[in-house]
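Peer 1: Protein chains in written order, with my numbering: chain A, 1 to 192; chain B, 1 to 306.
Careful: at least some of the hints might be erroneous.
[Said to hold, decoys possible] If you only want the chain A side, here are some residues facing chain B, beta carbon under 7 Å, derived:
1) N31
2) L33
3) P35
4) A41
5) W42
6) L44
7) V52
8) V53
9) L54
10) I62
11) A65
12) I98
13) D175
14) Y185
[Said to hold, decoys possible] Label pairs and their calculated CB-CB ranges:
15) A:R67 with B:Y262: 39 to 49 Å
16) A:A55 with B:A41: 49 to 59 Å
17) A:A105 with B:A105: 51 to 61 Å
18) B:M207 with A:A82: 19 to 29 Å
[To be verified] According to the in silico footprint, chain A covers these stretches of chain B (three or more CB under 8 Å from chain A):
19) 50-58
20) 65-73
21) 142-154
22) 166-175
23) 286-292
Source of the hints: derived by calculation from the structure; they are not laboratory data.
Remember, predicted model here, so these are calculated numbers, not experimental data.
Glycine included, every Cβ here is placed at the ideal spot set by N, Cα and C.
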Amino acid sequence: MRSLLSRVVALSLIATPLLAQEGEAAGGSVNLLSPSTGLMAWTLIIFAIVFVVLAKFAFGPITAAVRDREAALEAAIASAKADQDAAAALLAQHKALIEAAKGEAQKFISEGRATAESMRAELLESTKKQQDEMLERARRDIDAEKGKAIDEIRREAIDLALAGASKVIEKNLDDAQNRKLVESYLASIGTR
Amino acid sequence: MRFAALFTALVLAAAPARIAAQDAAPKKVDIITPHITDAHALDIPAGFGHGLVQEIELPHWAPLHIGSLELDMSPTKHVVMLLLAATLVIVALTSAARGVAKRAATGRPPTGFSGAMEAMVLYIRNEVILPNVGHHGEAFVPFGLTLFFFILTCNLLGLIPYGSTATGNIAVTATLAIVTFLVIEIAGMKALGAGYINTIIFWPRDMPLGMRIPMSIILSPVELIGKFTKPFALAIRLFANMTAGHIVVLALIGLIFSFGSYVLAPLPLAMAVAIMFLELMVAFLQAFIFTLLSSVFIGLVRESHH
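Sequences are here, hints too, so could you generate the full structure?
Peer 2: Now the structure itself:
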């Protein structure tokens, strides 16, 4: 127990001269738990060399290469994501544009329709007004012509009556002759 | 292909026993201990007609003296395995890194071997280290990854023929654990600043002073022991797991020789093959666990605000 304890301490506190001898060299029973200082020193030296060489020429480059590759992958992923985002943004923009254009077109159509409607109404209105005006004028013209014709007829009738009466008066003595006279006059009117 | 390798490994593991058995029957042969312990010799394939395995003696160097410390830096089997593992790991991962960088220049993910290595590195980094060490854990990634790949390669080297498991040696696992311990404590000091002292001395501010002092006297040693048990457990876990698997495989192979029968041989062999597959999994698992627990401990000390 005590020897085990001493070995624990010896192992932990880097080889002590106590355990320097090699058990095997004595030729007797071999103690597997007694370390040889020479081998410990060799191990230390070899391990140190391996560590330095590997750290510098093996693990450094491998880790660097892997880190570079990871960085490249990361960058590729990031750029792909950025591209995707940009594409999505562009798509959204285009969608918005198309939506806006659609709205505008709709507006134009409705505006056009409204304009056409108002124009039609206006045209109809003005046509109706013109028509009314024309009708009114025609009516007025007709009335005026009618009045004029009636006046003419009246004047003519008066003239005729006067002419007839004067003829009657001229030949008042002979009734038969008067009659004949009037008749011949009327016949002359017919020829006139 | 893999079966052939495993079979060779098993035969090789058994080879010394066969030779020894011919010498003298009553002599006790230990095939397990030499296999799982360190040695100043290296097992290599022998030339044709000289058996399967041949030992070559490694050079002995005069021990270095640093103060009172005697340091025997003579290379051993495990030192060679550690160096081999270090070379393999460095070559594999730097070439993978080059492949990754080359493909990265064209902006594409890597393929083939570098792709597989990148996947492993990324898994350990993203799933094991970063979630456990807490915020700003990037600084601990190379350490954790080095632990994982180095331990894994050491573990796997123990499974191939002529290989030896350096991570089955307490000196290696203890050193790795001590390094981890230092990393944990330095991470704690950096993250907590002066508050780091609270991870050693238990000092509950919301208690009355009369309670605080006895609580501190009782619980401070617990906190301190807690600090040292973590790396101790790391060292023992890895060492024991790697050693145990090899002992099981060798014990199963040893059964063939205790029975001394060709008829019974396939059964322990089949079991040993199964254990070798398990060992393959354990090699990965233990490297993973060492890294995971190191990350968790680093995260614990960095997040411990009292």
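Peer 1: Under the criterion of a CB-CB separation shorter than 7 Å, is A:A65 in contact with chain B as hinted?
Peer 2: holds, 4 Å
Peer 1: Establish whether the coverage given for the stretch 166-175 of chain B by chain A is satisfied; the threshold is a Cβ-Cβ distance below 8 Å, and no fewer than three residues must meet it.
Peer 2: Check passed, 7 qualifying residues.
Peer 1: With a cut-off of 7 Å on the beta carbons, see whether A:P35 makes it to chain B.
Peer 2: holds, 4 Å
Peer 1: Report holds or violated for the interface hint on A:L33, using the least CB-CB distance to chain B and a cut-off of 7 Å.
Peer 2: holds, 6 Å
Peer 1: Min Cβ distance, A:D175 to chain B: is it shorter than 7 Å?
Peer 2: Violated, because the Cβ-Cβ distance from A:D175 to chain B comes to roughly 148 Å (cut-off 7 Å).
Peer 1: Does the Cβ distance between B:M207 and A:A82 fall inside 19 to 29 Å?
Peer 2: This hint is violated: roughly 57 Å between Cβ atoms.
Peer 1: Holds or violated: A:L54 as interface residue toward chain B, Cβ cutoff 7 Å?
Peer 2: This interface hint holds because 5 Å falls under the 7 Å limit.
Peer 1: A:A105 and B:A105, beta-carbon distance inside 51 to 61 Å?
Peer 2: holds, 57 Å
Peer 1: Go through the hint on A:N31 and say holds or violated, using the shortest Cβ distance to chain B against 7 Å.
Peer 2: Cβ of A:N31 sits 9 Å from chain B, so the hint is violated.
Peer 1: Less than 7 Å between beta-carbons is the criterion; does A:I62 satisfy it with respect to chain B?
Peer 2: holds, 5 Å
Peer 1: Close enough to count: is the Cβ of A:Y185 nearer than 7 Å to one in chain B?
Peer 2: violated, 135 Å
Peer 1: Just tell me: holds or violated, for the beta carbon distance of A:A55 and B:A41 against 49 to 59 Å?
Peer 2: violated, 34 Å
The structure fails to meet hints 1, 7, 12, 13, 14, 15, 16, 18, 19 and 23 from the earlier list, while all remaining hints are met.
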